[in-house]
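Number of protein chains: 2
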Amino acid sequence: MDQIEPFAEITHQAVVFPEGMALDCGRMLRQVTVAYRTYGSLNAERSNAILICHALTGDQYAADTHPLTGRAGWWANLVGPGLPIDTDRFFVICTNVLGGCMGSTGPRSPHDDKPHEPWGHDFPPVTIRDMVRAQKKLVDHFGISQLFAVIGGSMGGMQVLEWAATYPEAVFAAVPIASGAHHSAQNIAYNEVGRQAIFADPDFNNGEYWRLGVIPARGLAVARMVAHITYLSEAALTRKFGRRLRDASSLTLLDDKFEVESYLQYQGSAFVRRFDANSYLSITRAMDFFDLAFDRDGDLSRAFAGTRTRFCLVSFSSDWLFPTKATREVVNALIRGAANVSFVEIMSDKGHDAFLLDEPDFHRTLAGFIAGCADHRGLPHKETV
Amino acid sequence: MDQIEPFAEITHQAVVFPEGMALDCGRMLRQVTVAYRTYGSLNAERSNAILICHALTGDQYAADTHPLTGRAGWWANLVGPGLPIDTDRFFVICTNVLGGCMGSTGPRSPHDDKPHEPWGHDFPPVTIRDMVRAQKKLVDHFGISQLFAVIGGSMGGMQVLEWAATYPEAVFAAVPIASGAHHSAQNIAYNEVGRQAIFADPDFNNGEYWRLGVIPARGLAVARMVAHITYLSEAALTRKFGRRLRDASSLTLLDDKFEVESYLQYQGSAFVRRFDANSYLSITRAMDFFDLAFDRDGDLSRAFAGTRTRFCLVSFSSDWLFPTKATREVVNALIRGAANVSFVEIMSDKGHDAFLLDEPDFHRTLAGFIAGCADHRGLPHKETV
Numbered sequence: 001m002d003q004i005e006p007f008a009e010i011t012h013q014a015v016v017f018p019e020g021m022a023l024d025c026g027r028m029l030r031q032v033t034v035a036y037r038t039y040g041s042l043n044a045e046r047s048n049a050i051l052i053c054h055a056l057t058g059d060q061y062a063a064d065t066h067p068l069t070g071r072a073g074w075w076a077n078l079v080g081p082g083l084p085i086d087t088d089r090f091f092v093i094c095t096n097v098l099g100g101c102m103g104s105t106g107p108r109s110p111h112d113d114k115p116h117e118p119w120g121h122d123f124p125p126v127t128i129r130d131m132v133r134a135q136k137k138l139v140d141h142f143g144i145s146q147l148f149a150v151i152g153g154s155m156g157g158m159q160v161l162e163w164a165a166t167y168p169e170a171v172f173a174a175v176p177i178a179s180g181a182h183h184s185a186q187n188i189a190y191n192e193v194g195r196q197a198i199f200a201d202p203d204f205n206n207g208e209y210w211r212l213g214v215i216p217a218r219g220l221a222v223a224r225m226v227a228h229i230t231y232l233s234e235a236a237l238t239r240k241f242g243r244r245l246r247d248a249s250s251l252t253l254l255d256d257k258f259e260v261e262s263y264l265q266y267q268g269s270a271f272v273r274r275f276d277a278n279s280y281l282s283i284t285r286a287m288d289f290f291d292l293a294f295d296r297d298g299d300l301s302r303a304f305a306g307t308r309t310r311f312c313l314v315s316f317s318s319d320w321l322f323p324t325k326a327t328r329e330v331v332n333a334l335i336r337g338a339a340n341v342s343f344v345e346i347m348s349d350k351g352h353d354a355f356l357l358d359e360p361d362f363h364r365t366l367a368g369f370i371a372g373c374a375d376h377r378g379l380p381h382k383e384t385v
Numbered sequence: 001m002d003q004i005e006p007f008a009e010i011t012h013q014a015v016v017f018p019e020g021m022a023l024d025c026g027r028m029l030r031q032v033t034v035a036y037r038t039y040g041s042l043n044a045e046r047s048n049a050i051l052i053c054h055a056l057t058g059d060q061y062a063a064d065t066h067p068l069t070g071r072a073g074w075w076a077n078l079v080g081p082g083l084p085i086d087t088d089r090f091f092v093i094c095t096n097v098l099g100g101c102m103g104s105t106g107p108r109s110p111h112d113d114k115p116h117e118p119w120g121h122d123f124p125p126v127t128i129r130d131m132v133r134a135q136k137k138l139v140d141h142f143g144i145s146q147l148f149a150v151i152g153g154s155m156g157g158m159q160v161l162e163w164a165a166t167y168p169e170a171v172f173a174a175v176p177i178a179s180g181a182h183h184s185a186q187n188i189a190y191n192e193v194g195r196q197a198i199f200a201d202p203d204f205n206n207g208e209y210w211r212l213g214v215i216p217a218r219g220l221a222v223a224r225m226v227a228h229i230t231y232l233s234e235a236a237l238t239r240k241f242g243r244r245l246r247d248a249s250s251l252t253l254l255d256d257k258f259e260v261e262s263y264l265q266y267q268g269s270a271f272v273r274r275f276d277a278n279s280y281l282s283i284t285r286a287m288d289f290f291d292l293a294f295d296r297d298g299d300l301s302r303a304f305a306g307t308r309t310r311f312c313l314v315s316f317s318s319d320w321l322f323p324t325k326a327t328r329e330v331v332n333a334l335i336r337g338a339a340n341v342s343f344v345e346i347m348s349d350k351g352h353d354a355f356l357l358d359e360p361d362f363h364r365t366l367a368g369f370i371a372g373c374a375d376h377r378g379l380p381h382k383e384t385v
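One line per chain: the protein sequences are L and A, in this order.
For what it's worth, UniProt numbering labels the leading residue of the first sequence as 1, then goes sequentially.
For what it's worth, UniProt numbering labels the leading residue of the second sequence as 1, then goes sequentially.
Just so you know, the hints here were simulated from the structure itself, not pulled from any lab data.
Check the hints yourself; a few may be wrong.
[Claimed, not checked] Derived list of chain L stretches under chain A, where covered just means 3 residues or more per stretch with a C-beta under 8 Å from a C-beta of chain A:
id, stretch
1, 161-171
2, 258-266
[Claimed, not checked] From the derived model, a few chain A residues whose C-beta atoms are all more than 10 Å from chain L:
id, residue
3, 83
4, 167
5, 218
6, 329
7, 345
8, 361
9, 375
[What the hints assert, rightly or not] Here are the simulated DSSO-like pairs of lysine-lysine, each with C-alpha atoms no more than 30 Å apart in a straight line:
id, chain 1, residue 1, chain 2, residue 2
10, A, 114, A, 136
11, L, 240, L, 325
12, L, 136, L, 114
13, L, 240, A, 325
14, L, 114, L, 137
15, L, 325, A, 240
16, L, 325, A, 325
17, A, 114, A, 137
18, A, 240, A, 136
Just so we're clear, the structure is a prediction, and the values are computed from it rather than from any experiment.
The C-beta atom is built at its ideal place from N, Cα and C for all residues, glycine as well.
Whenever a hint applies, use it, and build me the whole structure from the sequences.
This is how it looks when you write it as structure tokens:
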């Protein structure tokens with residue numbers, strides 16, 4: 001049995017909102033904590049704030065060293081002084097999503113009704129809109145009435161779209177990257193395989209693994225492995241590994257033989273040291289349920305009716321998790337709504353993961369859109385508080 | 001804990017070869033059993049035999065009722081009187097592959113050195129070529145010096161290609177369907193996720209689950225689920241399920257919500273009642289290792305040098321497990337080898353599974369190629385023994 005890693009003990013920068021919040025499912029969180037990181041400085045007009053939204057397994061440590069892995073932030077190549085999301089010019093906020101496991105209220109947080117126990121599997125199902133509502137509390141807390149931009153990839157892009165739909169006046173510019181207005185049946189299917197792998201792990205203990213001091217590490221690792229394949233293109237996998245063998249001299253049914261296998265196993269085992277299984281269930285559910293057109297009679301354009309937000313949508317040509325057609329669907333809805341929208345498909349063979357990698361065309365696109373919007377908005381080039 | 005189902009007790013039609021066989025891994029099976037089914041009648045010249053090769057989770061019950069599931073054979077729509085593989089004209093043989101669990105020698109068979117125990121995880125790793133060698137023994141046993149045709153889809157197509165490469169004089173016509181000359185890195189990755197899911201199941205017990213009277217049902221079900229997604233196209237999944245909810249009224253982290261989820265769970269749980277986990281490991285390993293160009297200095301055309309076999313290759317436009325480019329690679333190698341080759345890409349949105357479904361264009365192609373070859377070969381239209 002695997003011991004629970006001590007990552008619950010880390011103290012994250014956070015704001016507690018004692019008023020709690022109502023959730024889409026009809027239940028109420030009596031208290032909400034939003035953990036976050038900021039980079040750069042808020043200007044006197046509070047007009048230079050950029051909210052960055054993280055993906056399924058991301059967190060608020062976008063641009064500084066991760067406290068558990070010791071690795072650079074997941075967008076350290078994009079967020080910093082002089083980088084496309086320039087912290088010399090902008091005040092960048094990144095929160096851990098509701099349902100997450102890095103300090104924001106989630107399955108690891110104390111249960112509302114049993115304060116000496118975590119929520120565990122009893123944590124109410126949350127939606128992407130719930131995540132955005134929690135972020136809005138933090139943005140209000142900072143006294144920011146309008147974000148200069150909301151930017152995110154994958155599930156982060158879902159949050160960007162939800163921000164633009166729910167709080168249009170609070171979003172000057174929106175950049176959804178490698179994302180879409182809903183999950184496809186195939187995306188749901190892959191998430192479901194991951195969930196079943198977690199359920200199949202006897203250490204899952206019906207979501208109450210914390211009672212036994214264990215984690216469902218094997219199931220969570222398999223979930224991570226299957227998801228990881230969907231993040232890479234077939235070309236990227238082939239280039240990285242091809243059919244290279246590790247060691248073909250000793251063949252047994254139990255050994256791994258190909259480099260791609262040990263890579264996946266590493267991805268799986270590294271992941272379980274930093275992520276909570278109930279959070280994985282909570283967040284994948286939120287992604288699967290996300291459907292901006294659902295309560296708008298299937299008409300996605302109504303989500304953005306009359307919007308004054310400036311949109312820049314980005315897709316990657318080899319992304320098969322959120323293919324370009326998923327982005328085009330949103331672009332078409334925005335155009336029907338007469339929105340100010342630009343759209344770029346970046347030619348890349350790196351698959352969905354391209355939004356995290358050094359793709360010069362992508363970085364140029366992002367830098368250009370942000371700088372153009374900032375100039376239009378009249379933001380000075382170097383901010384001093 | 002799940003009880004072992006009694007499927008090991010079924011008696012299958014089989015031939016035992018007491019001389020055994022040497023395997024590619026260097027080990028020796030001291031005795032080999034090949035379980036099989038036949039349909040139609042062998043003619044006096046023994047010239048009308050068609051060998052059908054099954055896919056990963058298939059078996060020899062191609063055209064009659066499956067003894068465990070009670071369902072029609074997996075190719076009952078193709079093999080029978082008056083069907084494209086016409087049992088009024090041809091003698092059709094289908095074997096269970098070496099490493100399988102339906103009567104041919106595999107991990108469930110008695111261990112060579114411990115006759116009161118099954119091989120289990122100690123079963124020697126087998127290759128696609130080993131599978132073909134075992135089939136050749138049965139074909140020789142029938143006194144057939146040349147098969148009229150060898151036909152198979154997916155892993156069955158790998159066997160067809162191996163037959164044509166290893167026993168070119170024994171194959172008059174070859175039909176590899178939805179297949180390729182090797183597994184891609186992505187295919188290996190998906191197989192590896194399935195294997196890891198099996199390993200993660202504590203009932204796997206390092207492959208010796210039979211000692212405890214259990215089966216790693218949860219892990220095997222997850223393996224089946226992830227594989228099943230790769231058998232369907234995104235369009236087929238969307239058409240079948242879209243984002244239809246089962247019952248959204250009661251949201252918890254543990255419930256399945258979408259129809260696609262319960263479908264996958266059904267596929268997983270039905271599978272474990274008819275398939276052995278060690279066989280799943282054995283056969284996926286064989287697929288991953290298959291690489292016809294590997295010991296030919298990477299030159300695939302050398303696998304078919306001077307061949308007189310007539311080839312018809314079939315791919316399906318929406319198959320992303322064995323995409324058309326994988327088939328084209330084989331076609332190009334055959335053309336470089338001056339082989340007699342035709343190639344048809346069937347337009348279908350049903351994905352890899354299309355080779356099992358009623359695709360009229362595919363059935364017409366198959367019927368036409370077989371009939372044309374049979375006429376060329378001088379086979380009469382109705383056979384009498």
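Hints broken by the structure, by number, lowest first? Hints 1, 5, 18 are the ones this structure does not satisfy, whereas the remaining hints hold.
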